[in-house]
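Here is how the chains run, residue by residue.
Number of protein chains: 2
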Amino acid sequence: MAEKKVLKEADVSFKEVKWGRTKELVGPATAGSAHVKVNITEYAPGRPHELHLHPGQEEVIFILSGEGYTESYGRRRELSPGSVVYIPADTEHATMTAGSEPMTALIVKGPPEERRDEGSGRDL
Amino acid sequence: MAEKKVLKEADVSFKEVKWGRTKELVGPATAGSAHVKVNITEYAPGRPHELHLHPGQEEVIFILSGEGYTESYGRRRELSPGSVVYIPADTEHATMTAGSEPMTALIVKGPPEERRDEGSGRDL
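Line by line, the protein sequences are chains V and F. Reading the first sequence from the start, the letters are residues 36 to 159 in this note's numbering. Reading the second sequence from the start, the letters are residues 36 to 159 in this note's numbering.
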């Protein structure tokens with residue numbers, strides 16, 4: 036059974052990803068969660084997270100620092116600290132920093148894993 | 036069907052609660068989400084959020100500003116910006132600021148609503 040966990044985000048190590056760096060703060064592997072996953076992600080200059088979607092999985096992006104953009108279906112919106120992006124399951128999106136500094140965000144996903152077998156019925 | 040949503044947290048109004056103020060950034064009512072709810076909560080001085088639990092619902096608390104405490108089953112841990120608390124479903128917890136300033140946190144819940152009929156089997 037999952038137990039309560041208290042940690043400092045600074046004590047968790049980043050993993051390199053194509054679009055920058057990410058670290059899992061809470062998830063099935065690190066905390067035994069069943070419904071949510073929470074990461075901190077740094078979007079690196081010159082390495083946009085390209086258009087993608089998550090089958091059966093919702094995402095919330097909360098900008099902690101830096102400036103950037105979110106794109107979906109040809110529309111671009113500016114992001115800055117305090118910006119919130121809600122991305123429904125199966126909805127295309129791209130996220131990237133603006134300029135020469137990383138943009139850092141808290142990333143919430145629910146459920147914690149994508150669900151390729153029980154998505155919205157869209158043909159993927 | 037839920038649609039992508041972009042907002043600034045500063046544009047959302049707080050609602051008064053017993054332990055301070057809270058505002059929903061993403062949830063079923065405000066964004067059509069089915070799996071997650073994200074709030075910003077300010078824990079006010081002298082108004083601790085007392086011990087409670089959420090049937091069938093996980094919670095993650097990410098401290099944005101201020102200093103405070105989380106308590107569960109007689110154990111108290113200090114919180115400061117960057118602290119992360121994972122609270123499994125059906126697990127007692129209390130959250131409060133320390134001193135004379137509010138403590139502000141991003142609150143993630145999944146699923147968005149408590150599930151009194153399909154919890155962990157604990158007698159509530």
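If you're looking for bench data, these hints aren't it; they were derived computationally from the structure. You may find that some hints are simply not true.
Because identical chains cannot be distinguished in the list, a pair is counted as satisfied if it fits within a single copy or across any two copies.
[Claimed, not checked] Within a straight-line C-alpha distance of at most 30 Å, the following computed DSS-like cross-link-like pairs (lysine-lysine) qualify:
hint	residue 1	residue 2
1	K58	K40
2	K39	K50
3	K58	K43
4	K43	K53
Results for each hint:
1. K58 with K40: both (16 Å within a copy, 24 Å between copies)
2. K39 with K50: both (24 Å within a copy, 27 Å between copies)
3. K58 with K43: For K58 and K43, both the intra-copy (12 Å) and inter-copy (24 Å) Cα distances are at most 30 Å.
4. K43 with K53: Answer is both; intra-copy 25 Å and inter-copy 27 Å each pass.
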